[in-house]
Amino acid sequence: MAQNITESVESQAAAGAGPEGGACGQPGVASLKDLFTQLCEWSPIGYAVFDIHGQLIEINEAGVQLLGGGLLSDWVGQSLWPLLDSTESERVRRHLQEACEGAGESGKQQPCVVQVFLPGEQGGSRQLRFFSRPHPVGRGRLCLTAFQDISAEVQRRESEHQRQAVLDALSAHIAVLDATGRITAVNEAWRRFARGNGAPQEVESGIGLNYIDACCDVSAEDPDRLAQRSAEGIQAVINGDTRHFTLEYPCHSAQNQRWFLMSVTPLGLESGGVVVVHMDISERVHAEQAMRRRREEVAHASRLSSVTVLAASLVHELSQPLAAAQLYSEAAATLGRQEPLDAAHLLSVVGDMRGQVDRATRIVDQLRRFMRRGEIKKEPSRLEERVHEAVALVAPLARRKRVRLKLDLLNEPVIVHANPLQVEQVLVNLLCNAIEAIELAGSPVRQIRIELERLAEKVQVTVADTGPGLDPEWVPRIFEVWETRKETGMGMGLAISRTIIEAHGGKIWVEPGSDGAVLRFTLPLDHEGDAA
Amino acid sequence: MNESPVVVLLDDDPGVRRSLSLALSLAGYQVEAYATAEDLLTGLDPSQPGCLVLDLRMPGMDGLEVQQALSDRGCSLPVIFMSAFGDIPTTVRALKAGAVDFLEKPFTTDSLIARIEEAVETDRRQRAQEVLRQTIRERAGHLTGRESEVMQLVTAGLSNKDIARELDISPRTVEKYRARVMEKMHADSIADLCQMVAVSSGLGS
Numbered sequence: 001m002a003q004n005i006t007e008s009v010e011s012q013a014a015a016g017a018g019p020e021g022g023a024c025g026q027p028g029v030a031s032l033k034d035l036f037t038q039l040c041e042w043s044p045i046g047y048a049v050f051d052i053h054g055q056l057i058e059i060n061e062a063g064v065q066l067l068g069g070g071l072l073s074d075w076v077g078q079s080l081w082p083l084l085d086s087t088e089s090e091r092v093r094r095h096l097q098e099a100c101e102g103a104g105e106s107g108k109q110q111p112c113v114v115q116v117f118l119p120g121e122q123g124g125s126r127q128l129r130f131f132s133r134p135h136p137v138g139r140g141r142l143c144l145t146a147f148q149d150i151s152a153e154v155q156r157r158e159s160e161h162q163r164q165a166v167l168d169a170l171s172a173h174i175a176v177l178d179a180t181g182r183i184t185a186v187n188e189a190w191r192r193f194a195r196g197n198g199a200p201q202e203v204e205s206g207i208g209l210n211y212i213d214a215c216c217d218v219s220a221e222d223p224d225r226l227a228q229r230s231a232e233g234i235q236a237v238i239n240g241d242t243r244h245f246t247l248e249y250p251c252h253s254a255q256n257q258r259w260f261l262m263s264v265t266p267l268g269l270e271s272g273g274v275v276v277v278h279m280d281i282s283e284r285v286h287a288e289q290a291m292r293r294r295r296e297e298v299a300h301a302s303r304l305s306s307v308t309v310l311a312a313s314l315v316h317e318l319s320q321p322l323a324a325a326q327l328y329s330e331a332a333a334t335l336g337r338q339e340p341l342d343a344a345h346l347l348s349v350v351g352d353m354r355g356q357v358d359r360a361t362r363i364v365d366q367l368r369r370f371m372r373r374g375e376i377k378k379e380p381s382r383l384e385e386r387v388h389e390a391v392a393l394v395a396p397l398a399r400r401k402r403v404r405l406k407l408d409l410l411n412e413p414v415i416v417h418a419n420p421l422q423v424e425q426v427l428v429n430l431l432c433n434a435i436e437a438i439e440l441a442g443s444p445v446r447q448i449r450i451e452l453e454r455l456a457e458k459v460q461v462t463v464a465d466t467g468p469g470l471d472p473e474w475v476p477r478i479f480e481v482w483e484t485r486k487e488t489g490m491g492m493g494l495a496i497s498r499t500i501i502e503a504h505g506g507k508i509w510v511e512p513g514s515d516g517a518v519l520r521f522t523l524p525l526d527h528e529g530d531a532a
Numbered sequence: 533m534n535e536s537p538v539v540v541l542l543d544d545d546p547g548v549r550r551s552l553s554l555a556l557s558l559a560g561y562q563v564e565a566y567a568t569a570e571d572l573l574t575g576l577d578p579s580q581p582g583c584l585v586l587d588l589r590m591p592g593m594d595g596l597e598v599q600q601a602l603s604d605r606g607c608s609l610p611v612i613f614m615s616a617f618g619d620i621p622t623t624v625r626a627l628k629a630g631a632v633d634f635l636e637k638p639f640t641t642d643s644l645i646a647r648i649e650e651a652v653e654t655d656r657r658q659r660a661q662e663v664l665r666q667t668i669r670e671r672a673g674h675l676t677g678r679e680s681e682v683m684q685l686v687t688a689g690l691s692n693k694d695i696a697r698e699l700d701i702s703p704r705t706v707e708k709y710r711a712r713v714m715e716k717m718h719a720d721s722i723a724d725l726c727q728m729v730a731v732s733s734g735l736g737s
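From first to last, the protein sequence lines stand for chains V and P. Numbered per my numbering, the first sequence finishes at 532, counting up by one with no gaps. Numbered per my numbering, the second sequence finishes at 737, counting up by one with no gaps.
Next comes chain V alone, as it looks inside the complex (with noise of 0.2 Å):
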């Protein structure tokens, strides 16, 4: 049945068989002649004879299978138009024909191909490809056909173009690296972002340079470690010590101020590999920037409303150190002119003199820095140390209203990643506050316990006052902008607490159920600054 298909097939074996066929003889050609027969009836390829028309003269089982399955002598006979729609026949009418014909150029070694849409099971499509060459008997009217599913090659070429046009289309920057840290991809963007940083043409892409070692030799001019540290980020992906890697980095060029975030993340491949993805968070930076500032210059001016409510009490702190520095100098002028001199007498008076002077500048300079504008910027800082300025900035007031303030802190420093002003302007307002409703109430005991908790990942502070406590029915409002009961303004400083608490990553509650009120405040703990 195969007859014409294993002739051909018997010259090709025969003539790449050469000189060890002559060799071998007859009945070794004979034995070859029945194994590529064999594995003509059972390779994935198809194997067929068609006539001039289209019809099917002869095909293999794979053939058969192939075109759709059934008889193999259903088949004979029959033509494939019945499959296809009317573009596709009229393709594979001319490929045949042209096949067919070609016998008649000599010397014409390449077979025609063409690729042919079958339908599929379920609404699906296969794509063939046929290689057909003239039947060397067909005289013009037979051509031999060989053809393979090539649907998989295709969709995995499509995808392969669609990944490649998924990741041109996208704005951040992408590079595929391998185990080594070696380029072998890279999108569009990222070769534009290169051009655009003068790189080369030729490098243009980076595709071959190892990104590890390129970070590495960075690092000499990089105060902030940060090609270092992106190449040991990389390295843990890679290594799967972790499952992602982030960092944000600045990137600023002559015109503009530009902000990068650069994450790394496994391809999940046997071979290894990470996908680094830089993508253009500027925009997002400078909204933040912006937003800082806003709550800033609102956290200044709500600090300089607080300095309204401190002032008497600061002048009052500030007035005995001058009175003293005043009398100190007048008594000095005193024992200056007297006879005999007594010289020890005096200097011990110029200097406690001095430590007035020194008491009252050490006021000035703490409300001078609680009225500055402040730094935008967040730093390691001892929560202690914000806690002990705000008490200095209050306790005159305390004092002034015999309000005893009691510090309940903690025996190793707590280091949190915070404004410091903004801090310490949390504290003086819940501070305030506390005061005043100890005032207002004429409370008997009068009495603020600032107290700090070590809690996991983060630290408490809490204001209790042995106050009235607050209102029920006003808690659920306590922070919201327009809230205050009290002519000082101080109720607004509520809220702007809670914005710069939140803007800290922590959260501000009343404590419900006590019998004062009971204020508490979270800030997450800086494990860089414990570390360091």
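Hints are computed from structural coordinates only; laboratory data are not their basis. For clarity, every value in this text was computed on a predicted model and none was experimentally measured. Using N, Cα and C, we set each Cβ at its ideal position, and we do this for glycine too. Accuracy of the hints is not assured; some may be wrong.
[Unchecked claim] Among chain P residues calculated to face chain V with C-beta under 7 Å, some are:
#1 Asp545
#2 Leu554
#3 Pro638
For this one, chain V is given, so just place chain P on it according to the hints.
Here is chain P on its own, set in the frame of chain V:
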């Protein structure tokens, strides 16, 4: 009473307390300095002449309360208040309670000394007045009931005739009582007697 005046200081701030003590000692004053109101109330001898220099604002008992406590005990030493930031209501309360002066911190030694001098002088006068009042009361104690009545009416400005009618006695008898009153009270004139009555009743100065 013949002792030299003592300036009694009260300020909880050690710097202010020590510098004040030094400045006043160098100016020749005897100084007694206290850090708390309680110490002052325990340690103060109200019979010694001088004045008080009190800080208005203090933790615990403040200057105003010290002033009140002393006045309750009948101590009338003049009070000079020092204040860093005296608000009007507090100032008014202090003045009503008899404060003689206010000083805002910081102040010069001279301005304080000027006020201390005035206060010491006030104290001296008050003490002299008190002595006088005691003498007058003592003399008045020797008057009989009738003599006392006649003195009241004479100093109220009534004539002998009116007094005679009021007491239903003769003008001559009035004249007799009046001479005895003048003698017992050591008065040189009716005006002198009027002055004494005013002083003893706390009206005169």
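Here's how the hints hold up against the structure:
1. Using the Cβ-Cβ criterion of 7 Å, the hint placing P/Asp545 at the interface with chain V is satisfied: the shortest such distance is roughly 5 Å.
2. With its C-beta approaching chain V no nearer than about 5 Å, P/Leu554 sits inside the 7 Å limit, and its interface hint holds.
3. With 7 Å as the threshold, the beta carbon of P/Pro638 comes within range of chain V, its nearest partner Cβ sitting at about 4 Å, so the hint holds.
When each numbered hint is compared with the structure, no violation occurs for any of them.
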